[in-house]
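J.: In case you want the letters, here they are:
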Amino acid sequence: MGKSIDLLQGTLDLLILKTLVLEPMHGWGIAQRIQQISKDVLQVQQGSLYPALYRLEQQGWIAAEWGASENNRRAKYYRLTASGRRQLERETSNWTRLSAAIAHVLKTA
Amino acid sequence: MMLNLRALFHKSRAEQEMDDELRFHLEKQAEHNIARGMSAEEARYAALRKFGNMGQVKEECRDTWGMRFISELAQDIRFGLRQLRRNAGFTAVAIGTLALGIGANAAIFSVLYRNLIHPLPYPHAERLVMFGVVVPALDSRPFIFGFTYLGLRHEQTPFESMASWMPGVQGCDIAAPEAQRMDCAQVESTFLPTFGIRPAFGRNFTFQEDLPGAPPVCLISYGMWRSRFGSNPAALGQLLSIDGNPTRVVGILPGDFEWPTLARVDIVLPEKLPPSARGENPGVALRAYARLKPGVSIAQAGAQLQPFLQQFIQSAPPMFRKEIRLGIVPVREDQVGPVRQALWVLFGATLALLLLATANVANLLLARAEVRQRELAVRSALGAGRRRLAQLRLIESTLLGLGGGIAGLGLGFLLLRVSVALAPAGIPRIEQAHLGLPGVLFITGMSLFSGVLCGMGASLAIPPAQLLLGSRTTGSLRRRLRSALVAAQVAVSVVLLAGAGLLLRTLRNIENIPLGMDTSHVVTAEVALGRQAFLRPGEAAGFFDRLETRLSALPGVTGVALSDSLPPAGAEHSMPFFVLHPEGHPPFEKGTGGMVAWRAVTPGYFRMLDIPIIEGRSFASSDRSSQGNVIVLSKSLADRLFPAEDPVGRRVQFTSPPGPWYDVVGIAGNVKNAGIIQESDPEYYLVRKDAPDLGLHGFPDLQRHAFFLVRSPLAASGVASMVRGAISSLDSTLPAKISTLDARVGQLRTRPRFNAVLTGLFAMLGLLLAGIGLFGLVSYSVAQRTNEIGIRMALGAQKGEILRMVLGQGLKLVLAGVAIGIAGALALTRFLSSLLYGVKPTDPLTFIVVSLILAAVALLACYIPARRAARVDPMVALRYE
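Protein chains in written order, with this note's numbering: chain W, 271 to 379; chain E, -9 to 871.
Honestly, the hints are just simulated from the structure, not real lab data. Mixed in with the good hints there might be a few duds.
Cross-link-like lysine-lysine pairs, in silico, BS3-like; alpha carbons within 25 angstroms at most [what the hints assert, rightly or not]:
#1 W/K288 - E/K679
#2 W/K346 - E/K48
#3 W/K346 - E/K580
#4 E/K830 - E/K789
#5 E/K580 - E/K312
#6 E/K679 - W/K309
No experiment lies behind these values; they were computed from the predicted model shown.
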């Protein structure tokens, strides 16, 4: 397992939204998914995950529903809303521009 | 929004869900750890470690709950305000409409509150009662004779404390430095303690000072202390000449002291009930107040007082016994009983008006919702949920409601002033009614209520997002809602109009009641001689004679007469019917026979008031000095005493106590004498005799008090000042109350007029609102159907058909509303019955007229847009969309 990186707040929001594009997921699943996809580079601090989820729900970008988990337990599933999808697009393009700009600075300076 | 409300108000539920979610997370993580080879316990700890500070996380999660609600609310309020500002015209109309409803409510509520809810200004006032016996023939309010009262005072009773009062407030004169007529009351020394009141300064008079022969003392009102003594504390201990009797001021009543009957009282004197009240003679009639012992109900008190009732009944003349019952009445009931109903009716009318206003604004909002479809669609597309949109609507309408409340506050204030001007004697305490804290709270409640109510329709009618995204929705729910609202408005208007109509007919009936006399152009002057003046035999009568002569000599005066009381305000004196014994008939033995009013008048009295002498003659001047006794009977009394006989020339005797015979010299027409709407009593007249023996039925005070009636075609104000001048030229220290007979009669009509004018006003406003609502709905529907109408016309429909179609659509609603309204009015107007006179609560004429008025207004409201529809140019209409 390589060295993990702590996430900035805004970045966590972006990752959560992105994770939910395909299907609704519960909190633990989201944390797991981010970790897996980033090949364990991005460690979601589980403690900061839930406040972020609640915040996103309040913004209306994600919505929550109680449902049954894989082994049939009650779990709260989050899904992306229409405005969440747009937010994701905005944030993604912001991020792309930002990271491209930073990469550019790092390369040339 | 519902979720957040839950979070705010039912935190436990949201908290529970959060706990569930976090527990699920930890279990999931533990399973994951076990799968990676940890023991169960290790796995659990590892999961907790990985999660971090649980308490802090929860706290952060909780923070988001309230914040969102508040930030969204602030955002929506800002948006709502912006919307309202942008549509200033709409906002003004809506706020104005609501202000009308709220203002009317506020005004009536504050009067209602002051009278029916506001605590009486006595500690534990709920335990204060007026008690005694009720003998309907004598008095509708409880009274008690001195001997019964004194007996009770020494016994075990349900009362903690009791106090008696010589009923009524008498005029009394104070001299030096300036003569003034004041209002004096005589009460027992326990009066103030019973009411739980202490003088603001000084002291109450003592039990010793309340005994006959004690040195005279008095308490004065706060108002008198201020006006007469300039609030100088030195007033205490001063001697005040009351009716020529030097009386020491021992105390000053508190500024907020309210007499239990709401009468005005300037000076309170000891009652000095003579101990001789006990004995054979029942003694004077008193009003008695008492404070119930804590925990004793009125029913229990009544049971405890039964022995006294029985004792009283035994001592009463047999003919009275059957009618006697016990009366224990809460002080508030005694004060406001007669107007309670009127207040509730007026309050009901204003609530109806507010409903109408709310329905109207709801309709406006619904109409606007239609216009704002596109905006809604955009917002919906942007992700605003149905709930959020509904919330927005409600916030907007609540803002309107609050705006209406603020404007209504001002309007209510004005309306209250108008009511005060309308009803100087119509409603008790109306001058004291003001929009205090309860009024403001009430207005706030009403504003929020009406605001939410009128936004409800618009919120309910927000279609699901999918529908909004379509280019055009039918909005049939909205249309149905709007139609229902208009029908409801019409229905409420019918109820309001029917109520107002019935009260107006009552007023008209009351105005048209024949009084049996001509009250116009008569100035009245009430003159009472001080108790210490004109005491030598004949002096008082001599003074009145001189005054009469002087008044008769005034320029323009065509007649002067004296009487001891004036119709129709109620006779000062009355006699049970059984006491009158007509010559040649057996004595009356069927109970009391009710009361007979009587007055002692001068010979000019009948001519003065234009009361016809049907048979025989009026009094002659010679009757005043003659030794014999003459009597004039009213027609109704003559018919009862001498049925089917000619009474003139017959004789009547008063049997209790047995007196001389009176010769019947004439029969006078019936005159209203017990109030305008009350059944009048039969009546007889005696002549005011010359000094020294006035022969006035043993009422020695009669010769010291009189109403002068002065008829003159000149303007009343001029005559009044001449009369005042004449009185003061004879005795400059003698105060007199000068008025006109018409004013006295008018005062009796004040309350019905107040009821009728206010409900009439509310009904007119209601009718206007319903008309506007209908007009709006039909206009809107015409505008919406322009296209359709155009097609119809292009296909050959005639103008008349279009007109009929549009009119028919509106009138269908009106008819439905009228039908519902009439049913509602029939159910509700029976609550009016005690306020009505000469008209039944289901009076068909009123209902027909009301329906016709509504139909006419509705027709007009529909006709204008219908005509516009019929003028539609098919070509323009087809190009319209």
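J.: If a hint holds in the structure, say so; if it does not, say that too.
T.: Hints and how they fare:
Taking the CA atoms of W/K288 and E/K679, the gap is about 113 angstroms. The hint is violated against a cut of 25 angstroms. A hinted pair counts as satisfied when its Cα atoms are at most 25 angstroms apart, and W/K346 with E/K48 qualifies at roughly 16 angstroms. Distance check on the hinted pair: W/K346 and E/K580 sit about 89 angstroms apart at the alpha-carbon level, beyond 25 angstroms; violated. With a C-alpha separation of about 45 angstroms, the suggested pairing of E/K830 with E/K789 is violated against the 25 angstroms cut-off.
Distance check on the hinted pair: E/K580 and E/K312 sit about 10 angstroms apart at the alpha-carbon level, within 25 angstroms; holds. For a cut-off of 25 angstroms, the pair hint linking E/K679 to W/K309 is broken: about 125 angstroms separates their Cα positions.
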